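Engineer: Sequence:
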Amino acid sequence: MIDATYGIDSPKQISNAAIRMRQTVMTSELAPHAMLDLFETWSATLGSPDTADIPGVAFLRMWLRRATLEPIITRELGPGALHSKWMEDGRARLKAFPLGVIGHWPAGNVEIQPVLSMTCALLGGNACLVRIPSALVGQTQRLLEKMVQSDTDRILEQRVFACAFDHDRQDLQEAMAQAVDGAMIWGGAEAVSKVRSLPFHYWARLAVFGPRISVAAMDADTWCNAQERKSWCQRMARDVWQFDQQACSSPQVLFIERKEGHCPTEFLQDLREAFEAENRLHPRQTIEAGMTTAICQARASWLWGNTGNRALFPLSPDWTILFGSAIEMPKPTQGRTLTVLEVDDLLDPVSQFDGTVQTLGLGIKDVEKEDKLAVAAARRGVDRVVKLGRMHVFAAPWDGVDLIRPMVRMVRQVRSSE
1 MIDATYGIDS
11 PKQISNAAIR
21 MRQTVMTSEL
31 APHAMLDLFE
41 TWSATLGSPD
51 TADIPGVAFL
61 RMWLRRATLE
71 PIITRELGPG
81 ALHSKWMEDG
91 RARLKAFPLG
101 VIGHWPAGNV
111 EIQPVLSMTC
121 ALLGGNACLV
131 RIPSALVGQT
141 QRLLEKMVQS
151 DTDRILEQRV
161 FACAFDHDRQ
171 DLQEAMAQAV
181 DGAMIWGGAE
191 AVSKVRSLPF
201 HYWARLAVFG
211 PRISVAAMDA
221 DTWCNAQERK
231 SWCQRMARDV
241 WQFDQQACSS
251 PQVLFIERKE
261 GHCPTEFLQD
271 LREAFEAENR
281 LHPRQTIEAG
291 MTTAICQARA
301 SWLWGNTGNR
311 ALFPLSPDWT
321 ILFGSAIEMP
331 KPTQGRTLTV
341 LEVDDLLDPV
351 SQFDGTVQTL
361 GLGIKDVEKE
371 DKLAVAAARR
381 GVDRVVKLGR
391 MHVFAAPWDG
401 VDLIRPMVRM
411 VRQVRSSE
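When you line the sequence shown up against our numbering, it's residues 1 to 418, in that order.
Treat the hints as calculated values from the structure; they're not laboratory data. Be aware that a few hints might be false.
No more than 25 Å apart at the CA atoms, straight line, and that leaves these computed lysine to aspartate or glutamate pairs for DMTMM-like [unchecked claim]:
hint, residue 1, residue 2
1, K85, D50
2, K365, D345
3, K387, D270
4, K372, D345
5, K331, D383
6, K230, E370
7, K230, E190
8, K372, D354
9, K387, E76
10, K194, D9
11, K387, D371
12, K372, D399
13, K259, D221
14, K369, E228
15, K369, D348
16, K387, E266
17, K95, E29
18, K259, D348
19, K372, E260
20, K387, D354
21, K194, D399
22, K12, E174
23, K387, D402
24, K259, D371
25, K369, E260
26, K387, E273
27, K95, E76
28, K365, E342
29, K387, E70
30, K331, D345
31, K259, E273
32, K387, D399
33, K365, D383
34, K331, D399
35, K365, E328
36, K85, D153
37, K259, E328
These numbers were taken from a predicted model, which means no experiment stands behind them.
Kindly produce the complete structure, drawing on both the sequences and the hints.
Structural biologist: As structure tokens, this is what we get:
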């Protein structure tokens, strides 16, 4: 049975699990198509009421489907990879082989991330040693229980070891690092730096997904179009609500292009209605005192800081829209707080990007303008340019890198008879 409890209390437990799993990887091949069959079954089980309330589970279900993953595997590993076939490369041939045991250090602010990270390594035929953040033990346990139910042939029981322990247990952190052949590391700057400083073997491959922020933009023809505007506002609200705006793909700022003779008042009202509707559908269950304070301070400082600024919000801290004019991004508040900034040219704020922006969500009517924005954003460090409403869709590449290939070895063979 896969363990996701606080039962891990010694480095030996971790090292023994890694030894066992590495032996499984070395002695038995697991083709991606077989893993996809299991994932399809797992995806179907996640629609039950006991997991439906986990934030992001709808995206997880889509991610686990064959239609999502087959194209990614083929693109990253080659056309024969689904069935573990060799791929011809001139006089040689290539085939993906697993690294071995992959360690996963997911962030603690995205409920489905431990599982998402794990699936990327499993698709490469690897085994997974996953540290579950303390705040996500309950949710992850429920997701893993569904996986175990789907694993009728007990394939994953031999390839997954999910454990939870306090992040201050340096001995256990070091044991994980010394036990793995590769690692996928997610989180904020401090957390990522701490994990990267662990004593990994020199051959271990590290895939690091550090702290990023995301923004959105609409051209004037989009937000001024009364017939389509409500739909775009609904997309914007959905992107803000997912993961309570804490994910790296969460929009913190929306830039709108100024248009002569058009006031954004009606647009802001439609956006407000979209926020209210999303809040009714997905009300906040709890909120930390620190977040409530940050939201109240953001509202007050925004209104006091400039007489031209406006703000829309309920009496509660459920959501906040801050409106003004600037090309610089303010410090993110999160907690469903969206800053809407009016600019003369959308290229102006893009020119201020400094590599910290991960995703640019767009609502642009002019195709040529959108292409220019995409190129400009890419040159300034943006890794994903997508349509509003799809900012959180987990797909490769992510943060500019593949998700499966970094955790495999592409073995090249040239026959001696050649």
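Engineer: Run every hint past the structure and note whether it holds.
Structural biologist: These are the hints, each one checked on the structure:
1. Proximity of K85 to D50 is assessed by CA-CA distance (about 39 Å); at most 25 Å being required, the pair is judged violated.
2. Under the criterion of a C-alpha separation no larger than 25 Å, the hint pairing K365 with D345 is consistent with the structure, at around 14 Å.
3. A threshold of 25 Å between alpha carbons decides the hint, and for K387 with D270 the separation of about 19 Å falls inside it, so the pair holds.
4. For a cut-off of 25 Å, the pair hint linking K372 to D345 stands: about 12 Å separates their Cα positions.
5. Our distance criterion of 25 Å between C-alpha atoms is met by K331 and D383, whose separation comes to about 20 Å.
6. This hinted pair checks out: K230 and E370 have alpha carbons roughly 21 Å apart, not beyond 25 Å.
7. Simply put, K230 and E190 have alpha-carbon atoms about 39 Å apart, too far for the 25 Å limit, and the pair is violated.
8. About 18 Å separates the Cα atoms of K372 and D354, which keeps this hinted pair within 25 Å; it holds.
9. A threshold of 25 Å between alpha carbons decides the hint, and for K387 with E76 the separation of about 23 Å falls inside it, so the pair holds.
10. With a CA separation close to 20 Å, the supplied pair K194 and D9 stays within the 25 Å bound.
11. Annotation: proposed proximity of K387 to D371 holds, straight-line Cα distance about 13 Å (limit 25 Å).
12. A distance of roughly 20 Å separates the Cα atoms of K372 and D399; the hinted pair therefore holds under the 25 Å criterion.
13. Taken as a hint, the K259 and D221 pair is honoured in the structure, with Cα atoms around 9 Å apart against an allowance of 25 Å.
14. The hinted pair formed by K369 and E228 meets the criterion: a straight-line CA distance of about 19 Å does not exceed 25 Å.
15. This hinted pair checks out: K369 and D348 have alpha carbons roughly 13 Å apart, not beyond 25 Å.
16. Between K387 and E266, the direct Cα distance comes to roughly 22 Å. Compliance with the 25 Å bound is thereby established for this hinted pair.
17. Among the hinted pairs, K95 with E29 is consistent with the structure: their alpha-carbon atoms are about 12 Å apart, no more than 25 Å.
18. Simply put, K259 and D348 have alpha-carbon atoms about 15 Å apart, close enough for the 25 Å limit, and the pair holds.
19. Taken as a hint, the K372 and E260 pair is honoured in the structure, with Cα atoms around 22 Å apart against an allowance of 25 Å.
20. Note on K387 and D354: the hinted pairing holds, with a Cα-Cα distance of about 22 Å set against a maximum of 25 Å.
21. A hinted pair counts as satisfied when its Cα atoms are at most 25 Å apart, and K194 with D399 qualifies at roughly 20 Å.
22. Among the hinted pairs, K12 with E174 is consistent with the structure: their alpha-carbon atoms are about 11 Å apart, no more than 25 Å.
23. Restraint check for K387 and D402: the C-alpha separation of about 20 Å stays at or below 25 Å, so the hint holds.
24. For the hint linking K259 to D371, the alpha-carbon distance of about 20 Å falls within 25 Å, and the restraint holds.
25. Distance check on the hinted pair: K369 and E260 sit about 18 Å apart at the alpha-carbon level, within 25 Å; holds.
26. For the given pair, K387 sits about 21 Å from E273 by alpha-carbon distance, which is consistent with the 25 Å threshold.
27. Our distance criterion of 25 Å between C-alpha atoms is met by K95 and E76, whose separation comes to about 11 Å.
28. As the CA atoms of K365 and E342 are separated by approximately 17 Å, the hinted pair is consistent with the 25 Å bound.
29. Our distance criterion of 25 Å between C-alpha atoms is met by K387 and E70, whose separation comes to about 22 Å.
30. About 21 Å separates the Cα atoms of K331 and D345, which keeps this hinted pair within 25 Å; it holds.
31. Pair hint K259 plus E273 holds up; C-alpha atoms about 22 Å apart against a cutoff of 25 Å.
32. Proposed proximity of K387 and D399 is supported: the alpha carbons are some 17 Å apart, at most 25 Å.
33. Only pairs whose Cα atoms come within 25 Å are accepted, and K365 paired with D383 is accepted, the gap being roughly 22 Å.
34. Of the supplied pair hints, the one linking K331 and D399 holds, its CA atoms being roughly 21 Å apart against a limit of 25 Å.
35. Distance restraint check for K365 and E328: the Cα-Cα separation of roughly 24 Å lies within the 25 Å cut-off, and the hinted pair is therefore satisfied.
36. At most 25 Å may separate the alpha-carbon atoms for a hinted pair to count; K85 and D153 meet this at roughly 23 Å.
37. The hinted pair formed by K259 and E328 meets the criterion: a straight-line CA distance of about 19 Å does not exceed 25 Å.
When each numbered hint is compared with the structure, violations occur for hints 1, 7.
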